[in-house]
Amino acid sequence: MSLSLKTQGAATLRLLGKPFGGIGGAICGAGLGLFIFVALFAPLLAPYAYDAQDLARIGLPPSAENWFGTDEFGRDVLSRVIYGARISLSVGLTAVALSASAGILIGALCGYFGGRFDRITMAAIDLTWCFPEILLALVLVAILGPGLNSTVIAIAVAYLAQFTRLTRTQVRALKGETFVEVSRCLGAGHAHILLRHLLPNALAPVIVVAMLTTGDAILLEATLGFFGMGAQPPTPSWGAMMSSGSAQLFNAPWVVIIPGLFVALSVIFINVYGDAILAALDVKNRIRRA
Amino acid sequence: MLLSVENLQVQFGRLQALAGVSFSVNRGEVLGLVGESGSGKSLSAMAVMGLLPLSGGRVSGGSIHFDGTDLGSLSPKAYRKIRGGKVALVTQNPMTSLDPVVRVGQQIDQAALLHLPVDRTEAKARTLALMDRLRIPNAEMVYTLYPHQLSGGLRQRIVIAMALAGEPDLLIADEPTTALDVTVQAQIIQLLIELVQERDLGLVLITHDMGVVARTCDRVAVMYCGRIVETGPVEAIFASPRHPYTRALIGCIPRHDMAPGDLVGIPGVVPSVAAMPSGCRFHPRCAQAVSRCFTEVPPLSAAGDNHASACFLTDQPGEAS
Amino acid sequence: MTTPILSVTDLCKTFRSGGGLWRKPRQFHAVSSVSFDIQAGETVGVVGESGCGKSTLARVVLRLMEPSSGSIRFEGEDIAALPEKALRPLRRRFQMVFQDPYSSINPRLTIREALLEPFRVQGVSLTTAQEQDTVDRLMAMVSLNPVLAESHPHHLSGGQKQRVGIARALALQPSLLVLDEPTASLDVSVQAQVIQLLQSLRGQQTLTYLFISHDLALVRYFCDRIMVMYLGRVVEVMPKGATPAHPYTRALLESSFEPDPTQRRSIVRITGEIPSGYDLPPGCAFQARCPKAQDLCRQTRPELGSVGTRHQAACHFPDSPLPDTQTPRSGTAPSQETPHAV
Chain A
1 MSLSLKTQGA ATLRLLGKPF GGIGGAICGA GLGLFIFVAL FAPLLAPYAY DAQDLARIGL
61 PPSAENWFGT DEFGRDVLSR VIYGARISLS VGLTAVALSA SAGILIGALC GYFGGRFDRI
121 TMAAIDLTWC FPEILLALVL VAILGPGLNS TVIAIAVAYL AQFTRLTRTQ VRALKGETFV
181 EVSRCLGAGH AHILLRHLLP NALAPVIVVA MLTTGDAILL EATLGFFGMG AQPPTPSWGA
241 MMSSGSAQLF NAPWVVIIPG LFVALSVIFI NVYGDAILAA LDVKNRIRRA
Chain R
1 MLLSVENLQV QFGRLQALAG VSFSVNRGEV LGLVGESGSG KSLSAMAVMG LLPLSGGRVS
61 GGSIHFDGTD LGSLSPKAYR KIRGGKVALV TQNPMTSLDP VVRVGQQIDQ AALLHLPVDR
121 TEAKARTLAL MDRLRIPNAE MVYTLYPHQL SGGLRQRIVI AMALAGEPDL LIADEPTTAL
181 DVTVQAQIIQ LLIELVQERD LGLVLITHDM GVVARTCDRV AVMYCGRIVE TGPVEAIFAS
241 PRHPYTRALI GCIPRHDMAP GDLVGIPGVV PSVAAMPSGC RFHPRCAQAV SRCFTEVPPL
301 SAAGDNHASA CFLTDQPGEA S
Chain H
1 MTTPILSVTD LCKTFRSGGG LWRKPRQFHA VSSVSFDIQA GETVGVVGES GCGKSTLARV
61 VLRLMEPSSG SIRFEGEDIA ALPEKALRPL RRRFQMVFQD PYSSINPRLT IREALLEPFR
121 VQGVSLTTAQ EQDTVDRLMA MVSLNPVLAE SHPHHLSGGQ KQRVGIARAL ALQPSLLVLD
181 EPTASLDVSV QAQVIQLLQS LRGQQTLTYL FISHDLALVR YFCDRIMVMY LGRVVEVMPK
241 GATPAHPYTR ALLESSFEPD PTQRRSIVRI TGEIPSGYDL PPGCAFQARC PKAQDLCRQT
301 RPELGSVGTR HQAACHFPDS PLPDTQTPRS GTAPSQETPH AV
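Protein chains in written order, with the UniProt record's numbering: chain A, 1 to 290; chain R, 1 to 321; chain H, 1 to 342.
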């Protein structure tokens, strides 16, 4: 008993330390925190307004006044990258939150009730897996009309299948556990079983996947922006900045490279940090099974 | 002596899991190694098989002699010859000890090919003969099946066949029937006994069930918390158990002549390796414990013919409950 | 006799499996025409090996599975066809303890929360003080240290978890408790503790037990009456202490080893294993393994018939302490010595 208690304590320490434990995880967590901070306080941090054009200063390389240079309209790239963080991160997070919530709901219902409802719903959901995410999102945005809201919806639909599948599998596995049968035997209704027993035990892996998907979602948003399907000018999104700057790629490469760098960095930060959390949660699962 | 284990000590890191365990088996003899889970009986088997390093343990004292050879002095290569060849293990769960993607017949062949100078045809012939001997119906047909196509009892027979294929002298069976239905358990136990007599094998039967011990064993070693607490011939152990733990274990098995309330368990739980009680390790669960039991370790002392018990109160033999 | 607390008549549970567009699904008769009564305060044991339908029977009786046909009267009320919603409030009166204590408590809940779940589910509102009292009372009832109430299940041993399972099942003071192999995943020493606990609980309050087990010796020790099941059917019903009349029950008895070395190495006569429950042949389901099977057994299925006081067996040639039952009870069987050879 006391041995298991001791290892328990050690494991809990490891669990708490894990997200900050690995040096990579720590750096990426901090980087991600910085990005979120910058996005939140963009108006305070940006040296210029994101849409302030200065036709006298078109396409200038990085300098003391414009750390990241200026773009083809003479706008400050640093300010636009800072404001762009708002769009990219919020679109990514909102889309994933939407996708995960819908996926958890549908997946839990399918997994719990099964039967014909499950078969038909899952067949429809699986259809979305037949297309590459980017193609699916492009088609959806084309139908809904370009803009931020359609981008969010398109990205959410693109990732819906994976969240639904994952939740459904988890719920189906948990449904066979004795404590669920115990609850039924006590006279519990479906809502009680789903909310109190199934979902709390099913969510951990879904949350980790949501975390990792946010990176992909930011990338997808940038891609849609690059195709001109996302945020409309002059709203700065990293993808749209790369797109509009691509005409001047050889004259003013920083206009493309710098937002691209931030897309890459945010994806890396989220993935490494997500992995660190995944590892930490795995420890927790092992304790639970022991 | 075919196998003789002397004062065996096993450590995991700084934790001592076996604190001086001694037992021995002769040819044609069945030794029952009994105790609750966590008493160290499976660990003793692992040590004899030389499989401790797999789980991070090591032998830190004592000796294991098999047929005159000190197993501790063997090279890993020489040990491999003994393991599975001269000493074979039958495990508890037949599902996990069989390879799910290889036909069961071929798995038995493999064991023979590894340890005997035979070719494939001969190995197959031996396998079929062995399967017949183990009363596996339609041996030719079963030979070609995969483990998942077999019932639990047949699977356990296959595992036994694999153990016997290398013509071992010693069989270690670790709870070989725990996962089986009662009527099948009885058949497997009977089969093991027949094999011991026919082939003059030594058998170490690891179990927690005193009922199985009474039915099968010649001698018994009762283990608790990494020590042998009582050892002796089966008749003596059941007729006049000396150690309170032995009495308690016997009292856990229902008998037809028990009155309601006679079936008493053992209060408390087996302590973990990291928190071993001082003195006699059974004292926190023992109703008879006196102050001496809290501080001193009772030595294994003679209590009759080949009968020894590690209890300060051994002088007063108890009734079999 | 008063109304039985539980009265089961002709209960059947059939599972379908396989089958496709053109293939007929195969039927698995998990429970076939099982009938029995349990009086209040009685402890009835159901014994059999894996696949005999004993766990399915427990679940169907408690409506955790839907019966295929038959009636289940609980305290006079037929619950077999009751819609689930109407059944829920009744559930507090019949509870179950499950085989696997390791997965029977939600790993995210504390023991305290697990013990209070019955009240939550049944809509019994408790004040904080009442909650504390209830938890203390339940923990004391099953002899658990009250300190454990705030722990999570992974801190508890199997035996402790099973005590929690028992306390939770008894929280709402049911009159019937179904015990589905409550000790099968525990060490023998812990099994005895749990049985002792169940016995003392039976002494303290009026409890009726339906005890499911694979261990005939344990059932003979713990139960007043024993039903033996084989392939979905009850093959023998006997009072505690009776000598078994059905060859299968005899085989079970021979296979359960008592701690008595004078029985050492006595021969076990039973051979073979339980056949699959699909597509059963006509005749007695046990005939393939029965040492005394005859043509009659292969053709006609024996029905449960009386072989003694409160003692029934479904066998054409029951063993019995009564001398005149060596001859077939029904039909025209060839007259010959009862073969005892293997």
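Calculated from the structure, these hints are not laboratory results.
Please note that the accuracy of each hint is not assured.
The calculated label-pair distances, taken between Cβ atoms and stated as ranges, are [claimed, not checked]:
#	chain 1	residue 1	chain 2	residue 2	range
1	H	Gly241	R	Asn306	34 to 44 Å
2	H	Ala86	R	Phe294	28 to 38 Å
3	H	Ala140	R	Gln106	17 to 27 Å
4	H	Ala86	A	Phe41	25 to 35 Å
5	H	Leu64	A	Ala30	50 to 60 Å
6	R	Asn306	A	Thr169	50 to 60 Å
These numbers come from a predicted model, not from an experiment.
We put the CB at the ideal spot given by N, CA and C, even for glycine.
Hint by hint, here is what the structure shows:
no.	hint	result
1	H:Gly241 - R:Asn306: 34 to 44 Å	holds, 37 Å
2	H:Ala86 - R:Phe294: 28 to 38 Å	violated, 60 Å
3	H:Ala140 - R:Gln106: 17 to 27 Å	violated, 58 Å
4	H:Ala86 - A:Phe41: 25 to 35 Å	violated, 59 Å
5	H:Leu64 - A:Ala30: 50 to 60 Å	holds, 51 Å
6	R:Asn306 - A:Thr169: 50 to 60 Å	holds, 58 Å
Checked against the numbered hints above, the structure breaks hints 2, 3, 4 and satisfies the rest.
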